[in-house]
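Participant: Chain A is already provided as a structure; the job is to place chain B on it using the hints.
If you want the building blocks of each chain, they are given just below.
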Amino acid sequence: MLGTTILLAVRSILRHKLRSFLTTLGIIIGVAAVVTMVTLGKATTSAVQSQIAALGTNILQIRPGQGFGRGGGGPRPPDFEEADVEAIREQVAGVTAVAPQAQSAATAIYNGANWSTTINGTTNDYFRVQPWPLTSGRIFQPAEEQAGKAVCIIGNTVRQNLFRGGEAVGHRFRIGNVSCDVVGTLSTRGQAGFGGDQDDVVIMPIKTVQRRFTGSRDIRLMLVGVDAAYESSTVQASVTDLLRERRNISGGKDDDFNIFDTAQISATLTGTTTLLTGIVTAVAAISLVVGGIGIMNIMLVSVTERTREIGIRLAIGAVAREVLMQFLVEAIALSCLGGIVGLVIAQLAVLVLAPVMQVPYLFEPQINLIAFAIAALIGVVFGYFPARRAAALNPIDALRHE
Amino acid sequence: MASDGAAPIIRLRNVTKVYGEGATQFQALKGIDLDIAAGDFVAVMGPSGSGKSTTMNILGCLDVPSGGTFEFRGHHVETLGRDERALLRRRYLGFVFQGFNLLARTSALENVELPLLYRGDAKAERREAAMAALAKVGLDQWWDHTPAELSGGQQQRVAIARAIVTQPDVLLADEPTGNLDSERSVEIMKLLSDLNAQSGITVLMVTHEPDMAAFARTVIHFKDGLVERVDHNHRQGETVD
Numbered sequence: 001m002l003g004t005t006i007l008l009a010v011r012s013i014l015r016h017k018l019r020s021f022l023t024t025l026g027i028i029i030g031v032a033a034v035v036t037m038v039t040l041g042k043a044t045t046s047a048v049q050s051q052i053a054a055l056g057t058n059i060l061q062i063r064p065g066q067g068f069g070r071g072g073g074g075p076r077p078p079d080f081e082e083a084d085v086e087a088i089r090e091q092v093a094g095v096t097a098v099a100p101q102a103q104s105a106a107t108a109i110y111n112g113a114n115w116s117t118t119i120n121g122t123t124n125d126y127f128r129v130q131p132w133p134l135t136s137g138r139i140f141q142p143a144e145e146q147a148g149k150a151v152c153i154i155g156n157t158v159r160q161n162l163f164r165g166g167e168a169v170g171h172r173f174r175i176g177n178v179s180c181d182v183v184g185t186l187s188t189r190g191q192a193g194f195g196g197d198q199d200d201v202v203i204m205p206i207k208t209v210q211r212r213f214t215g216s217r218d219i220r221l222m223l224v225g226v227d228a229a230y231e232s233s234t235v236q237a238s239v240t241d242l243l244r245e246r247r248n249i250s251g252g253k254d255d256d257f258n259i260f261d262t263a264q265i266s267a268t269l270t271g272t273t274t275l276l277t278g279i280v281t282a283v284a285a286i287s288l289v290v291g292g293i294g295i296m297n298i299m300l301v302s303v304t305e306r307t308r309e310i311g312i313r314l315a316i317g318a319v320a321r322e323v324l325m326q327f328l329v330e331a332i333a334l335s336c337l338g339g340i341v342g343l344v345i346a347q348l349a350v351l352v353l354a355p356v357m358q359v360p361y362l363f364e365p366q367i368n369l370i371a372f373a374i375a376a377l378i379g380v381v382f383g384y385f386p387a388r389r390a391a392a393l394n395p396i397d398a399l400r401h402e
Numbered sequence: 001m002a003s004d005g006a007a008p009i010i011r012l013r014n015v016t017k018v019y020g021e022g023a024t025q026f027q028a029l030k031g032i033d034l035d036i037a038a039g040d041f042v043a044v045m046g047p048s049g050s051g052k053s054t055t056m057n058i059l060g061c062l063d064v065p066s067g068g069t070f071e072f073r074g075h076h077v078e079t080l081g082r083d084e085r086a087l088l089r090r091r092y093l094g095f096v097f098q099g100f101n102l103l104a105r106t107s108a109l110e111n112v113e114l115p116l117l118y119r120g121d122a123k124a125e126r127r128e129a130a131m132a133a134l135a136k137v138g139l140d141q142w143w144d145h146t147p148a149e150l151s152g153g154q155q156q157r158v159a160i161a162r163a164i165v166t167q168p169d170v171l172l173a174d175e176p177t178g179n180l181d182s183e184r185s186v187e188i189m190k191l192l193s194d195l196n197a198q199s200g201i202t203v204l205m206v207t208h209e210p211d212m213a214a215f216a217r218t219v220i221h222f223k224d225g226l227v228e229r230v231d232h233n234h235r236q237g238e239t240v241d
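Note that the protein sequences, when read in sequence, are chains A and B. Heads up: the first sequence begins at 1 in the UniProt record's numbering, then just goes up one per residue. Heads up: the second sequence begins at 1 in the UniProt record's numbering, then just goes up one per residue.
Chain A with its partners taken away, still in its complex shape (with noise of 0.2 angstroms):
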């Protein structure tokens, strides 16, 4: 009886190729739609959040002058100095370390090979406040920091680039004007979420940098490191009012630094992309929910386009809830295969988008089954009524219909 009807529906679906393709193109569509667009959102998520982890959590960034793209008009506002960074290790509550940062740019030299790069000047503290694992050799040793040794740990791009990729713990090359020797390496970050690559560094003791490169004892930048039992909020207050007492600024006046706080735009940028994936998705599901309706609206108009035969088949024996059968597992069956072939371009697509958006390759078993649950269940429930209406008519009436 079962294989009677599946034999019927299938034989239908096949006799009528246009009209079967043309009922599961919407299921196909919002599908598809539903899987990329939640596959996408997700990756796009998880990029945007390893980022923000490579930026490290829970830091602050201090800058002299009032925060990005603020600097015209007035004298410049002074850089730092060592004992702010003292100060606020010392007098704020919440704080892990303390590193301080002063950059400069220089052309590396070692054996024949030459790279232009960052040099970073900072102490110790640099790898407590974020967590950047070396692959070999070791951090500063306090005689280095002390005496401001010409020691260096390089980033992986400078590695690739000056020693071919090969050891370079052990080796010294040409910095500027100034022999190095390489202590440690660091282990690969990636892409900085704003632009620029996080590897192509060349760390070495502040005091190095401050004598050899920049000339100056200032401090550019300081790396705050929040204790994660601590609000970041609260910690940023306490280093704000800090700073505004030691640079001698009154009650009505803005502050000539700024705190970036990376958990802050964590939070924000983790909350728009689960927000822009609610949108699309929502959108796509909305899709499916029209294509659920074109195969109501197919089935419906295939009903009274089939009435005839329906009054043939009545009028020849068949039993209403065959009929009915029949119906129902076409549109399931059509569903299902919209369903399968919705899914399979779905993941067509996320391979070929996911490159070009720059977001990782991601399967999710779960989106792809509720998006298949839903078509077969789409199949079902618009498909049942129009069956109804199928096995409820009078074969005469059908038979008579023109």
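I should point out that these hints are in silico values taken from the structure, not numbers from a laboratory. Treat the hints with care, since some could be wrong.
[To be verified] The following label-pair restraints were derived from C-beta to C-beta distances:
no. : chain 1 : residue 1 : chain 2 : residue 2 : range
1   : B       : 24        : A       : 21        : 38 to 46 angstroms
2   : B       : 128       : A       : 10        : 20 to 28 angstroms
3   : B       : 30        : A       : 22        : 34 to 42 angstroms
C-beta atoms are modelled at their ideal positions from N, C-alpha and C, and glycine is treated no differently.
Facilitator: Here is chain B on its own, set in the frame of chain A:
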């Protein structure tokens, strides 16, 4: 009215049929009494609206009378539900229509197999029975053609093969020659006569044409919802009037 005295396979008693309700009510049958013997070849004639189609629908178990009784093979059809009547149609009745009513895009063989599919026969049996039925109507060479590839006369023969493939007791034909030219019509009538003579299948046929009715042994004339007259042709091929 069984001319040869055999037990009637169909017995209608005081059958009425009313369509609609209230002011628009229309009485299509006003009390029909009819006996049809097994193996008879009956032509049903009458003007439009005389009740002949309504009677055929009731005899075909497609519709139920509003009043009276309809016995078919001992079943009181007026008491049966939709599905039970569908099963009666499946087992004992075959239908041939004026408009052929074959499934489009479906080969002759598959069209003929369809009633067997609903009956649940196995594939090999189905194929054998369908080919045998097509052979009876002389179309076994055309089994893989779809209706669009067949002439009107051939389509009607496929429809007859479909009607007889289940070896029914009664074949109901509603103006089977209405869409055919006279030459094809005579071919179809000869085929129905042969089936009636050889298989003993009872044939009930609605027709407007006296030439076609002449093939029948019994001619029932309808008028205004009643049986007006029943004629018996003792020699087939003789015109009634």
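Participant: Determine for every hint whether it applies to the structure shown.
Facilitator: Evaluation of the provided hints:
Taking 38 to 46 angstroms as the suggested C-beta distance range, the pair residue 24 of chain B and residue 21 of chain A conforms, at roughly 45 angstroms. The given range of 20 to 28 angstroms is respected by residue 128 of chain B and residue 10 of chain A, whose C-beta atoms sit roughly 23 angstroms from each other. Residue 30 of chain B and residue 22 of chain A have their C-beta atoms about 50 angstroms apart, which leaves the hinted 34 to 42 angstroms range violated.
In summary, the one numbered hint that this structure violates is 3.
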